[in-house]
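Using the hints provided, position chains B, C and D relative to the given structure of chain A.
Protein sequences, first through last, are from chains A, B, C and D.
Each residue of the first sequence is one higher than the one before, starting from 3 at the first, in our numbering.
Each residue of the second sequence is one higher than the one before, starting from 1126 at the first, in our numbering.
Each residue of the third sequence is one higher than the one before, starting from 331 at the first, in our numbering.
Each residue of the fourth sequence is one higher than the one before, starting from -9 at the first, in our numbering.
Heads up, some of the hints might be wrong.
[To be verified] With a cut-off of at most 30 Å between alpha-carbon atoms, the simulated DSS-like pairs for lysine-lysine come out as follows: (1) D/156 - A/354; (2) B/1283 - D/389; (3) D/402 - B/1464; (4) B/1387 - D/389; (5) D/402 - A/298.
Honestly, the hints are just simulated from the structure, not real lab data.
Quick caveat: nothing in here was measured; it's all calculated off a predicted structure.
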Amino acid sequence: MKKKNIPAGKKALELVRGNAVPIMFVIICAIFIPMAGFSPSYLLNEIITRMGRNLFLVLCLLFPIMAGMGLNFAMTLGAMGAEIAVILVADWQIWGIPGVVLSMILSIPFSALLGFICGTLQNMAKGREMITSYIINFFINGWYQLIVLYIMGSIIPIIHASIMLPRGYGIRNTVSLLNMRQCLDDLLAVRIGGVKIPVFTFILVGLMCLFIIWFRRTKLGQDMRAVGQDMDVARDAGINVDRTRIISVVMSTVCAGFGMVIYLQNIGNLPTYTGHSQIGMFCIAALLVGGASVEKASIGNAFLGVILFHLMFIVAPGAGAFITGDSMVGEYFRVFLSYGVIALALIMYEAKKRMAKSKAGRELAEAQKEKEAAE
Amino acid sequence: MSNKKKDYNLNSPSKFTDEMKTIPPARRLTAQEKTQMSPLQAMVASYGLPRLLITGFLLVLFILTPFVDVDLVTQITNIINRFSWNAVLVLAMVPMIHSGCGLNFGLPLAIICGLLGSTLSIQFGFTGPLSFVAAVVIATPFAILLGGGYGLLLNRIKGGEMMIATYVGFSVMSFFCMMWLLLPYSAPTMVYGLSASGLRPTISLDGFYNQVLAGFLEIDFGEIAGKLGISLGALEKLVIPTGSLLVFVLLAFLMWAFLHTKTGTAMTAVGSNPTFARAAGINVDRTRMLSVIMSTWLGAIGILIYQQGFGFIQLYNAPNNLTMPTVAAILIGGASVNKASISNVIIGTILFQGIVTMTPTVMNSAIHMDMSEVIRIIVSQGMILYALTRKVKGSK
Amino acid sequence: MKSKRRIAFSLLLVLILVGIAACMMVIGRGHTVYFDNKTLEDYNGQEYKAAHKVVVTVKGEEVAKLGKRERGMAVWIGQNFKMTLEVTQEKGDEPEVRTISLKLPYSVDGIVVNLPALLAGLPEDAWFSEFVPVETESVDEEVPGTGDEFGLDGGLGLEGDLGTGDIPVG
Amino acid sequence: MTTNTSPLLQMQNIKKDFFGNQVLTDINFTLGEGEVLGLCGENGAGKSTLMKILFGMDVIRETGGYGGDVLINGQKVEFNTPFDALKAGIGMVHQEFSLIPGFTATENILLNREPQKKNVVSEVFGERLNTLDYKEMDRRSAEAIEKMGVEIDSKMVISDMPVGHKQFTEIARELSKDQLKLLILDEPTAVLTEKEAEALLSSIRNMAAQGISVIFITHRLHEILAVCDKVVVMRDGYVVKDVPAAETSVEEITRWMVGRDVQSAAVSAGEVRSHEDAKTILSIKNLWVDMPGETVRNVSLDVKEGEILGIGGLAGQGKLGIPNGVMGLYEAGGRVEFDGKEIPLNNPRRCLDSSLAFVSEDRRGVGLLLDESLEWNIAFPAMQIQNKFLKNLLGGVIKWRDERAIHQVTQKYIDELQIKCTSSKQKAKELSGGNQQKVCLAKAFALEPKFLFVSEPTRGIDVGAKALVLDALKRFNRDSGVTVVMISSELEELRQTCDRIAIVSGGQVAGILPAAASSEEFGMLMISKVV
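So that you can see chain A by itself, here it is in the shape it has in the complex:
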């Protein structure tokens, strides 16, 4: 009787341990929701809006993870590529769905180029891809600012003064996308009890999921998984490792470019210099909250993560204000949680690697003991 119970309990424990982060966030949300005092329909509305806005971006992270390049900030580069495209499209005054489609197409060359640069650099820094991608992100951000702040309007022609800084070159801090605003979301949108469901955006996300599932079954997907698990074996088997890794990064950036356009059309304006700076961090945090790790992530993780992370995000300030009487505390608390969850996931990943190493020793000691006992 007792013996039977132990494995069941152990299994449950294992399950809890394996999903510690999502469970933690469920608890946090469960505590915070009543404190924040939002109506369920408001919460639902917000969550659905944010799902439509962010899911596509979060899904982009899956490609580099598949190729073993960890939580990759390369997607931020795709976001920058999309922003350049969106600025141009806004200046050309292409509005509505055509504007969105044009932005997406226009973003491809930019994000592919940036992805290629990023992938090449990361191949030069194998073993520390994450920190490298993180720094690349800042580095390219410098070039992005150079282009947007100095070259646009002076070398790249910008027609409309309304998006330019008063000094005559450079783009304003915010570019209005009023005429593109939520045009995808509104397409086929359904309202159920005051909750707007952006059906078309969800269809796009669904297509992305299907693409990922399909992609896993392709030769390239298989190669990527092989490279991700063991680069040397893959190389011995004749897979071009470096190229495969670059492709995974490029795919991530290009898709992130599309995702960013979806994101921007939902918001309805473009924060020119800050729009991309936190995207990578948010998406990574969301994916990790969904239970992904540095080496393994699924579509399910992305969905769960976006829901939980953004739920926390919405309710934290209110709950913070409720507890401490200061809404800023809640603001900082959600910042803390976002960073904390990434730090935690990274620590768990590294610690696990080391634990696996010491396991072999324990096995030997046990074998020795058994032998001695037998003698």
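Same frame as chain A, but now just chains B, C and D:
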């Protein structure tokens, strides 16, 4: 043999200050060029292209100054000033690089310790120079405690230090963002006026330790000229924050001396080849921990020195703003992910701060476009990127 | 042979994308159309009086209800502009409904249409004029939505700022 | 049956040297279709190099190619990469697994050779976007497994498999290649249980029956006799024997493997010393060490004061694990007593404090600070352990590095061991292998230990340096009375240097013999407990 090495390392800081004092501006320029010329040749061989470009860029800026109507002496005063603020922070990178913990992207943690010291010092009612001493004293136990915990963590995640350090730094920083609001601070100079609780983002240090080091033995050529009743021309604008520089020299000397002791030698060996060190009976984990605590403490002192120069305490997200420039500075100075020396600190800080101060003014005057911010980002991040992507030779 | 086929297909894809992009540029071009219900004085010696009230409907949505000397505005994507006007010439008259199609020039962002002239069927130069925006500084105010920013100023300072600006030196 | 005019594989006068160091001389043998050839020899006999040549490994080309001809079906071939060899129908199963841990057996068997289906996207973006044909994959992996004749679960993920099944997966991968004509198995049974090994042998027979030739490398000689058609024995880069398996025996093969010219190996009688009466200075009991590839399972060993004890054995049998375990570099358990006192394991410091020293076989990884000067390398352990080369300042509070003393001691060893360098400040990584080894020795000598472990002191260094190193060790032992335990793969070297030689096999001490014992005796011990 030992003397030779000693001389080399000791020389750099003292020569630096000497030059400031004695060499007239016209000659200073050439001297500056010279000091950069000799490493220049070495740079081509071993330092690599990026550093060369940065040095070249700074040189061009210097050469341009007279032509674009920018006052060179003011610029040099600025560079010295900014050097005195930042040098100790850059120095804080050294122990961790030496012990193989990589670039300390977790600098915000150290800065938080310093901030705790400074805010508590004010809270406890210390004023004037004493408040600086109190801040140092209070920051020390925090640095040891937090640094110890940080070291413990880093020992468990060998190999993934840099990324985790980044996020641990962020986490601690955002945690303290909450704390600044919640801790029962009450000194009226620090808290929000209306609610009388929660620290303000920027706290003025007037009446506390503003310029307390910089003012110590300060050499103000303008004042001297005034007193003596002679004209020193352009030189009158030169001000040297002797005290800050002396403190840096002292700390740099201590660091240099430490690296020459038994424990310091062990630390270098741990960074160079941890397996070798282990085989030689070194407790690798303890050595790394020590290095992290040292880095944290130096970082805490570094931010206090920064504050006394800057004149303000910056809270909340401000700690993060110093991480990248500091990391970039030591790399520009010639350090790599696992090697760094005092001279790297000095050269790096001068070069980086040189670019930071020179670009806005010179560029602005030259092409009427203030691209300094962008240039700074590209230079510093490019430098870090270069260091990360460079193949680490030898042991890993 | 096979790679040739592939190149052909890839070229085709690029062409299709470029084609779609070009297409989008044409059909997605947005214009702002302004309607003036203003008396046009002295056009070839004639005067065209403003109507008492004009209701402008674009895409089934009433965008403006214009009294005399009033101006209305509508946004339109594409070049074939269609609107329905409900014109009440004098107070108390029965409103007259008219559907009007206009060809908007591609290169012009803002188009001002003088309704009385248009209704009178005058040639284009009578009712058409380009809208020249007065430089407004209030553009930044129209912030329809915010992203997932932390509600903190300057983001998280991830730009690596040194706090250079406001330092008193010397 | 064998009406073929030319056999499947012919090796003709194969020669290979690594930087003047001749490792293969005039190798000749032939292998017919469907034949199984057993290749045996001690470590360093040249088996691996020969197989690397046959398989077109990069190392061979990078080190200047080889001499002689390789003929397949009578045609001269030259493989520049393993992929060329694969194309020609040669498959190789290496000692280290080359499998993707998270993939199933099927996915691994068909790694990078997956059957694919075209689709619209792949027409545009290239073949890599073809979808995988899972049905066909299953069929082909099943076929390969069938061909092998050993049942493994094709749906099982590799990381969940027992070691043996991983090995079979590798073999199945080679078998799934349609063009496979020749399969090289490099010690495939080393990781298998008795039963699995049996299964493997029958699958080898099975393959041979289907016309696939096999080259089978193993230390388990009875397996060779059980399955091979012919046996090729190599020693010191020569083929010493090429006989049908039916006409020989384990004893004979062993003799061929280790038997050397008795004259050259003769140990001058005057040098043989006996320390039977000396006290036991180091006593090891039931030691286990988790050193990957060199696992020690149960070693008990006594070392007498003042002797030079050799530890020999085949690679991978655990001889290297002993010093690494005792010195605390790899996780270990058991009991070690030095000079009557127990030494705690897993703590290098305590060993060093007890005046033990260790020269590691991994010079670059463990032995040296490559980026630092010779001075640092030589003086570092002595400084850290024994506070040598330090100046005490402020009454001992500050222990200052004494650069002059460090320089002196370094100079002393540079002269004594004839280390070739530009100065004592030169970086260790800039030295040649032999000189690096001398630095490692100097490092240990500077500790002035009572007891010295030297692991593979001559690995990868040239002949001149070899003699010098061995001589230095001997002198150190004779002059300073230091007990030395020397671990080496080269039996000859051990016999020249040591007083007694312990042979490790299967992670245990198989026996201890005086250096003058015959080669056959050593040979038998080496393979006695091979796992």
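Hints, verified against the model:
1. D/156 - A/354: holds, 23 Å
2. B/1283 - D/389: Holds. Residue 1283 of chain B to residue 389 of chain D sits at ~29 Å (cutoff 30 Å).
3. D/402 - B/1464: holds, 29 Å
4. B/1387 - D/389: holds, 6 Å
5. D/402 - A/298: violated, 56 Å
Hint 5 from the list above is the single one not met by this structure.
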